[in-house]
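Chains as they are written, first to last, in the working numbering: chain A, 1 to 379; chain B, 380 to 759.
Note that these hints are calculated values from the structure, not bench results.
One should not assume that every hint holds.
Calculated lysine to aspartate or glutamate pairs in the EDC-like style (CA-CA distance at most 20 Å, straight line) [unchecked claim]:
| # | chain 1 | residue 1 | chain 2 | residue 2 |
| --- | --- | --- | --- | --- |
| 1 | B | K392 | A | E306 |
| 2 | B | K647 | A | D370 |
| 3 | A | K324 | B | E749 |
| 4 | A | K227 | A | D62 |
| 5 | A | K64 | B | E749 |
| 6 | A | K227 | A | D135 |
| 7 | A | K7 | B | D381 |
| 8 | B | K392 | A | D304 |
| 9 | A | K324 | B | D707 |
| 10 | B | K490 | B | D444 |
| 11 | A | K324 | B | D381 |
| 12 | B | K753 | A | E274 |
| 13 | B | K641 | A | D370 |
| 14 | A | K352 | B | E749 |
| 15 | B | K753 | A | D253 |
| 16 | B | K753 | A | D257 |
| 17 | B | K602 | B | D527 |
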Amino acid sequence: MNFDFDKTEIALREKIKESLGPDSKADLANLENGSIMEVRETTLHCLKNLGQAGYIALGLSDGKNAVSLTATQENLAAISPSLFLSVEVSARVFGRLVAFYGTPDQQEKILLPLKKGLVIGAVALSEGGMNIENDPLDTAGVSNDDGFRVSGSKGHVVNGPIADWIAVAGKVGDEIAFFLINKDSEGMSIGQRLTTLGYNGVAVSAVTLENCNIPLTHIIGPFKGEKQLKTVRRWEDQTLTVASLGQIKRSFDTALDYAKNHRSGGKPIIAYQEVSFKLAEMLTLLQTAQLLAYRAAWMEETGDREAAVLAHCAKVFCTESAEKVASYALQIMGGQGYISGNPAEEGYREAKYLQIAGTSSEISRMKIADKVLGIEALG
Amino acid sequence: MDFSFTEEQMMFKEQIIRFAGKEIVPRVQEHDLKGEFDFESFRKLGEFGILGLHFPENLGGSEADVVTTVMAGEALGEAGVDGGLTLAYGAHTFLCADTIFAHGTDGQREKYIPKLASGEWIGCMGLTEPGAGSDVASMTTRAEKRGDCWVLNGTKMFITNGPLADVALVYAKTKKELKHAGISAFIVEKEAPGFYAGNNLIKMGVRTSHTSELIFEECTIPKENLVGQEGAGFLMAMQTVEWDRSALLSPFIGGMTYVLNKCIRYAKERYQFGRPIAQFQAIKHKLADIKIFIEAARTLCYRIAWCKDQGRPLNHLEAAIAKLFVGDWGLGPANDAVVLHGGYGYCHEYDVERNFRDSRLAPIGGGTSEIAKKIISRLM
Numbered sequence: 001m002n003f004d005f006d007k008t009e010i011a012l013r014e015k016i017k018e019s020l021g022p023d024s025k026a027d028l029a030n031l032e033n034g035s036i037m038e039v040r041e042t043t044l045h046c047l048k049n050l051g052q053a054g055y056i057a058l059g060l061s062d063g064k065n066a067v068s069l070t071a072t073q074e075n076l077a078a079i080s081p082s083l084f085l086s087v088e089v090s091a092r093v094f095g096r097l098v099a100f101y102g103t104p105d106q107q108e109k110i111l112l113p114l115k116k117g118l119v120i121g122a123v124a125l126s127e128g129g130m131n132i133e134n135d136p137l138d139t140a141g142v143s144n145d146d147g148f149r150v151s152g153s154k155g156h157v158v159n160g161p162i163a164d165w166i167a168v169a170g171k172v173g174d175e176i177a178f179f180l181i182n183k184d185s186e187g188m189s190i191g192q193r194l195t196t197l198g199y200n201g202v203a204v205s206a207v208t209l210e211n212c213n214i215p216l217t218h219i220i221g222p223f224k225g226e227k228q229l230k231t232v233r234r235w236e237d238q239t240l241t242v243a244s245l246g247q248i249k250r251s252f253d254t255a256l257d258y259a260k261n262h263r264s265g266g267k268p269i270i271a272y273q274e275v276s277f278k279l280a281e282m283l284t285l286l287q288t289a290q291l292l293a294y295r296a297a298w299m300e301e302t303g304d305r306e307a308a309v310l311a312h313c314a315k316v317f318c319t320e321s322a323e324k325v326a327s328y329a330l331q332i333m334g335g336q337g338y339i340s341g342n343p344a345e346e347g348y349r350e351a352k353y354l355q356i357a358g359t360s361s362e363i364s365r366m367k368i369a370d371k372v373l374g375i376e377a378l379g
Numbered sequence: 380m381d382f383s384f385t386e387e388q389m390m391f392k393e394q395i396i397r398f399a400g401k402e403i404v405p406r407v408q409e410h411d412l413k414g415e416f417d418f419e420s421f422r423k424l425g426e427f428g429i430l431g432l433h434f435p436e437n438l439g440g441s442e443a444d445v446v447t448t449v450m451a452g453e454a455l456g457e458a459g460v461d462g463g464l465t466l467a468y469g470a471h472t473f474l475c476a477d478t479i480f481a482h483g484t485d486g487q488r489e490k491y492i493p494k495l496a497s498g499e500w501i502g503c504m505g506l507t508e509p510g511a512g513s514d515v516a517s518m519t520t521r522a523e524k525r526g527d528c529w530v531l532n533g534t535k536m537f538i539t540n541g542p543l544a545d546v547a548l549v550y551a552k553t554k555k556e557l558k559h560a561g562i563s564a565f566i567v568e569k570e571a572p573g574f575y576a577g578n579n580l581i582k583m584g585v586r587t588s589h590t591s592e593l594i595f596e597e598c599t600i601p602k603e604n605l606v607g608q609e610g611a612g613f614l615m616a617m618q619t620v621e622w623d624r625s626a627l628l629s630p631f632i633g634g635m636t637y638v639l640n641k642c643i644r645y646a647k648e649r650y651q652f653g654r655p656i657a658q659f660q661a662i663k664h665k666l667a668d669i670k671i672f673i674e675a676a677r678t679l680c681y682r683i684a685w686c687k688d689q690g691r692p693l694n695h696l697e698a699a700i701a702k703l704f705v706g707d708w709g710l711g712p713a714n715d716a717v718v719l720h721g722g723y724g725y726c727h728e729y730d731v732e733r734n735f736r737d738s739r740l741a742p743i744g745g746g747t748s749e750i751a752k753k754i755i756s757r758l759m
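So here's chain A without its partners, still in its complex pose:
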């Protein structure tokens, strides 16, 4: 047992903080208000800095150091939730897909520039809604002479409008494959950037494929069964879990700062129990969520037999805590918090995404229950 981070873990975290650079504030505003081209340029700029710091490559060669990766990610998530989501989908979801299941050729052509932060990746899983649990994928590839002809439509693709590569999940016969589709491929159309409740700095869109021809070298799989699809979903869930830790920290820090500085009745409002006790609950949720997420990551790394169920527990607990903490933060900040453009208000809107995306709270709970009931089917 050891509840401390070691020196290398701490050093890595500090390096990532630095790599975001002093100009990052302006960058981050750009993500929200800029044109698609500007969003892409800004994201690439940040990715390049993070790539140089070694951040993008983390977790792409093996599953080691999962706990320190989580704690490192948490810092970026607290600095910019939108940038974090965009970066992680590119690095840890798309990146891992190529790193763990891709061919050496794909790794050389796509993964190497990705690690350096030179290209952006996206993964297109869900179709009608945000979840893919109960209904089979409609997107399918038909084999032809020099590859596959892919058709189908995907609903919400994070990084869709700015990605160089989109890994599209679909069927080949009864099997599941990921088609690696370049942004300029004929037959693929990227929808309008969607306007969303939160994560306004993330470019999200629908992606439609109509007889899109891809060469044989651009397919991952096909695989029998859903193991790989589930693994991708698990990476997505981990990203959302850590995003929650960042959100909680951000909301808490903002509310604490406000409570210490805003005065009412001749004293800072933190002197009132109605305020300070809320902060105490918020910090309790932060630390509890952190430890649960770290332990889930550690279990994943060590191959613990409870790893899958712990990952779901962490996803539910952390994402729901993010909403609770943001709600308290808004309450503490009163009218000031209600004005758009502060972390508590953002966090409140964004927390909902965390509970909906990936494996939703509802489906996560059913999976946890299946596991404790000894029903293995849903994994």
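Since the structure of chain A is provided, determine the placement of chain B on it from the hints.
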């Protein structure tokens, strides 16, 4: 970071679960119903070595580390031991015996620890008073030096093991004009003149533990019964917090695992609308929430234990967070377990009813949730 337990720890946990399941749990319902302390179970805990687990071998212990000790508490809960017995064990071993061990003289250690570790003697700790709960410094029990003796006057309240104890570790003011710095600790034996225990209070839960007032009327004890330095009592009481936030919390977490297992069995066996209720999403939702609570809570608890094993001073912020979370966030799952059992859950036979009552102590005993929030907000 590393969240692993050693193989020895895991094996020991299994041993305790087997032992308690066989030797203690079969009598739990009967004693809870009658509100009676189970002397036989307590003696068996002593024989098995649990009461003195972390003490040195020459004092009757096994020199276990704190993580193992906390794990023993979790194992008892997981086996189905009720919150009353685990509370009696906690008050005895950590609040009474450990304070004597940590701050007492060699003579005091040799006299009391072996008999407490074996369970031959039962210990209690007297801090809270009728008018002084969370506000410890407002205590009015006084100890006065007269010749070769200390003379105690005052009343203690809500004392776990009070009516049963052979040995009481009692906090009293030796300088009433001082607040915290005026508090000292004393050992009072059952036979001390002027020492009386009140009647067993009838409680909502943890009913197999006996709780009472301790009354001191010109209670006279030898001067060597002072524990530690005069005026150091408050610090000593605060040090027991380390145990309060780890070893006394872990049985609640283990107890929730026991309850989860009960719920799983019931949900599979209970048929309504032609199928086991385990197939209904509303039931599965509750099972998931109980599981999430257990996993979130236990890591907090073991963090306190591990830090103590590293010899670090207690991190009061982390300790208060563990206490607050286990106490307040545990009530929902305890309630869920009752609801999941429907009408049966409201009946004594199904154990979830007892767990529901026992769980209500967690946000009250050993520092309320409000005090935990006060500590957290002061330190953040």
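Going straight from one Cα to the other, do K324/A and E749/B come out at no more than 20 Å? holds (19 Å)
Do the alpha carbons of K602/B and D527/B lie within 20 Å of each other, as the hint requires? OK: K602/B and D527/B at ~5 Å, within 20 Å.
Verify the proposed pairing of K227/A with D135/A, using a straight-line Cα cut of 20 Å. At roughly 16 Å apart (the allowed maximum being 20 Å), D135/A and K227/A satisfy the hint.
Mind checking the alpha carbons of K227/A and D62/A for me, to see if they're no more than 20 Å apart? Holds, because 18 Å separates the two Cα atoms, which is no more than 20 Å.
K324/A and D707/B were given as a pair; does the straight-line alpha-carbon distance stay at or below 20 Å? holds (15 Å)
Pair hint outcome, K753/B versus D253/A [Cα-Cα no greater than 20 Å]: holds (18 Å)
Going straight from one Cα to the other, do K392/B and E306/A come out at no more than 20 Å? holds (18 Å)
For the pair supplied as a hint, K647/B and D370/A, is the alpha-carbon distance within the 20 Å limit? holds (11 Å)
With a cut-off of 20 Å on the C-alpha distance, tell me whether K753/B and E274/A pass. Roughly 11 Å separates the two Cα atoms, so the pair holds.
K392/B paired with D304/A [C-alpha distance capped at 20 Å]: holds (18 Å)
Going straight from one Cα to the other, do K641/B and D370/A come out at no more than 20 Å? Judged against 20 Å, a Cα distance of about 15 Å means the pair holds.
Given the hinted pair K352/A and E749/B, is their alpha-carbon gap at most 20 Å? It is violated: about 29 Å lies between the C-alpha atoms, which goes past 20 Å.
Violated hints, listed in ascending order, are 5, 10, 11 and 14; each of the other numbered hints is respected by the structure.
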